[in-house]
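As a plain string of letters, each chain reads:
Number of protein chains: 2
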Amino acid sequence: MRKVEEREISQAVIRRLPRYYRYLGELLESGVERISSNDLSKRMKVTASQIRQDLNNFGGFGQQGYGYNVKYLYTEIGKILGLENDHNFVIIGAGNLGQALANYSNFENRGFVLKGIFDANPTLKGMSIRNVPVRMMDELNDFIRANDVEIAVLTIPKSVAIEVAKDLVDAGIKAIWNFAHVDLNVPDNVIVENVHLIESLMRLSYNISRYNEEHKLDK
Amino acid sequence: MRKVEEREISQAVIRRLPRYYRYLGELLESGVERISSNDLSKRMKVTASQIRQDLNNFGGFGQQGYGYNVKYLYTEIGKILGLENDHNFVIIGAGNLGQALANYSNFENRGFVLKGIFDANPTLKGMSIRNVPVRMMDELNDFIRANDVEIAVLTIPKSVAIEVAKDLVDAGIKAIWNFAHVDLNVPDNVIVENVHLIESLMRLSYNISRYNEEHKLDK
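Residue numbers (our numbering), protein chains in the order written: chain A, 1 to 219; chain B, 1 to 219.
Extracted from the complex, chain A is given alone in its bound form (with noise of 0.2 Å):
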């Protein structure tokens, strides 16, 4: 069996595998220990061969005759995932979407660890959330070298979302999670992951006109 780090991994298996993720986490709360991939196929609606496709990525998880055993595969996943250590992170914005994301005590499960909260207003000094006082921008560089921070919630309007960018790479910050609408320029060695609300939302519109075009066509 090759090791994991060694194989590379399609953008498009990445993409599947939290929620491989998920659904093992289910299972095992509801106390199923083994799974065939044609019982996973059911759960998940995707095909029985691209869940054994997906998974062989990784190496032999699934017995012949016996399926996957749950908490194994859960554990490597996990692993694969790197949600085996925890990342420390910041949000810089204490908006209302920074707000609802230092909220989300969900994050804390997966080892996500929320440590600083920045905003350039300095009417929000002071505020906490969740016990975590929102602070000024000229304490985030200092603050992402004493903590090490590896994650950087971008959650600031896109005319300054550069330049903070810049910002957090003088600062040695690793990931950033990126709500602005803009794509950031930063090094090789930085990773973007970005969300781009108006995007998700202009797909969704785009299925309703399509819907919409071939209903009107079967007529």
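The hints are simulated quantities; they were obtained by calculation from the structure and are not laboratory data.
Computed from a predicted structure; not experimentally measured.
Treat the hints with care, since some could be wrong.
No distinction is drawn between identical chains; accordingly, a pair holds when it is met within one copy or between any pair of copies.
[Said to hold, decoys possible] Below, simulated DSSO-like cross-link-like pairs (lysine-lysine); rule was C-alpha separation at most 27 Å, straight line:
| hint | residue 1 | residue 2 |
| --- | --- | --- |
| 1 | Lys125 | Lys158 |
| 2 | Lys158 | Lys45 |
| 3 | Lys115 | Lys79 |
Dock chain B against chain A, hints included.
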């Protein structure tokens, strides 16, 4: 030139369209009237051949030696994305995330019009966000029918999301923008666009691990 509606466009292209739309919108704002696929390629950091291939899906927008007419292309992509018509939506769940989305004026600029906000918590009754009052869930069905609501945004816990989705389907909703971390079980004629934030964060964490591993192997 075939009509757009008659062609099947791959989901991969659809995923990229909003990004084209954004860049073209920014070009328009800065007064650029036409652009070559090469120049667009440099800005967007995708290959020129990818751009030509993607945009060819929608018929002959580009002209040899002239490039793309920015306004025309922007308008056409907007039509394809279903943005030439307004879309009424409601938000279900007036917590932090629901409030954040209700406050996004950017959605309205793109023709997504917030008609109502709903919550199960009676203490929120009487609260308003941008002049839109929070209503109780027992009004939901009638409200959707009376206000030509196409889209419901679900910002409620996963424990209740499946049940609420059923009610939405009964009320004749066309599409659900789902922020609850669960797969909704709806008929094929209801469009679902999922935003699973924790899964996005897991992909980011995967990429950090991956980078760390590669970096270790380099030494």
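Item to complete: Quick one: which hint numbers does this structure break? Sort them smallest to largest.
Response: none
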